[in-house]
Amino acid sequence: MGTLGTFTTAPAHSEPFTFTAFGDEGVGYHGLANDALLLGQNPAFHLHAGDIAYADPAGAGKTGDTGFDSRIWDQFLAQTESVAKSVPWMVSYGNHDMEAWYSPNGYGGEEARWQLPENGPDKANLPGVYSFVHGNTAVISLDANDVSFEIPANLGISGGTQTKWLEARLKKYRAAKDIDFIVVFFHHCAYCTSTAHSSEGGVRQEWVPLFEKYTVDLVINGHNHQYERTDVIKGDEVTKKLPIGGTAYPETEGVVYVTAGAAGRSLYAFTAPDSYEGHENDVESVSAFVNLKGGKQNETVAWSRVRYLDYSFLRVDVTPAAKGRTATMRVRGIAESGVEIDHFTVARRV
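According to the numbering used here, the sequence shown holds residues 1 to 350 in order.
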């Protein structure tokens with residue numbers, strides 16, 4: 001049994017706070033280094049965007065994946081204890097979290113180790129779908145395995161109930177007078193130019209229209225092992241370029257997407273050169289692809305604004321505001337070295 005820990009629950013009223021996020025951690029030096037660094041940010045909570053421990057290295061969700069090793073979970077929990085004993089870890093499930101030995105959905109390993117909110121649409125099939133509120137910010141965790149064309153082991157497992165629940169939850173939160181920001185996190189990327197998994201067409205088809213309809217303020221993904229941040233997007237097109245240090249206004253402009261999948265596993269690659277704070281290398285277009293029902297479809301995109309191919313995580317500082325003023329989320333990409341690689345602001349008049 002590990003040492004006992006404590007954490008602070010959400011405040012009764014809005015006040016400034018910080019949270020952190022990343023995905024695709026696994027067990028190893030880089031995951032440990034990122035854990036130590038994010039603890040120093042003093043976050044109120046931490047979001048893990050899936051592919052948690054990698055006890056199933058294959059990541060296809062098939063019973064033929066013979067490399068499954070449950071002992072990896074013990075190593076992972078020991079690695080993260082220094083942070084998780086005082087910072088609530090809120091996780092979503094990725095493809096490597098479908099441990100197919102656990103029927104019917106592969107999530108038995110996670111359910112044995114995580115106690116998550118039980119306010120989602122289908123606890124039996126989608127235990128990693130839930131939401132919570134901290135101060136003026138609502139956070140929604142989704143299970144993108146349910147909509148993934150690329151890795152279809154759990155494709156359609158909710159029968160559409162997850163998407164219906166998502167819309168109801170977005171509608172509720174956007175109508176709430178005490179909630180300024182909505183953050184959504186899940187594993188597979190809506191918009192990414194990685195040479196590995198790139199973008200998931202199922203996410204674009206099912207959820208992106210809802211993000212735009214209800215003016216979601218920030219979407220955080222993993223899956224691709226690198227850092228990438230988009231411009232402001234609506235209808236798959238750039239509505240506003242968002243340079244490093246820029247400000248986005250989701251209520252009128254669109255949504256910003258961040259891939260933060262460089263928590264610890266081996267890195268992937270970009271087709272375009274890195275472009276990050278202090279080393280800007282803007283390009284007009286980037287070659288990528290999107291995973292559709294019929295397979296991969298190549299695309300050339302203009303929305304890839306920041307690219308960083310090394311280990312990193314997100315820090316988000318939320319500042320509420322009085323009525324008639326502007327609440328802000330200051331979003332920062334931070335390298336494993338502690339150096340800032342990206343920063344931008346999401347603003348909303350309240």
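What the hints contain is simulated information worked out from the structure, not anything from laboratory work. It should be emphasised that the depicted structure is a prediction, and the values quoted were computed from it without experimental measurement. Keep in mind that the hints are not guaranteed to be accurate.
Pair ranges (Cβ atoms, derived) [as the list claims (entries may be wrong)]:
hint, residue 1, residue 2, range
1, Phe132, Arg325, 35 to 45 angstroms
2, Thr3, Leu155, 38 to 48 angstroms
3, Ser70, Ala322, 49 to 59 angstroms
4, Thr18, Lys62, 33 to 43 angstroms
5, Glu299, Lys240, 18 to 28 angstroms
6, Thr63, Ala322, 31 to 41 angstroms
7, Thr3, Glu212, 38 to 48 angstroms
The beta-carbon is built from N, C-alpha and C at its ideal position, and this holds for glycine as well.
Evaluation of the provided hints:
| no. | hint | in the structure |
| --- | --- | --- |
| 1 | Phe132 x Arg325: 35 to 45 angstroms | violated (25 angstroms) |
| 2 | Thr3 x Leu155: 38 to 48 angstroms | holds (41 angstroms) |
| 3 | Ser70 x Ala322: 49 to 59 angstroms | holds (51 angstroms) |
| 4 | Thr18 x Lys62: 33 to 43 angstroms | holds (39 angstroms) |
| 5 | Glu299 x Lys240: 18 to 28 angstroms | holds (20 angstroms) |
| 6 | Thr63 x Ala322: 31 to 41 angstroms | violated (56 angstroms) |
| 7 | Thr3 x Glu212: 38 to 48 angstroms | holds (45 angstroms) |
Hint violations for this structure: numbers 1, 6, all remaining hints satisfied.
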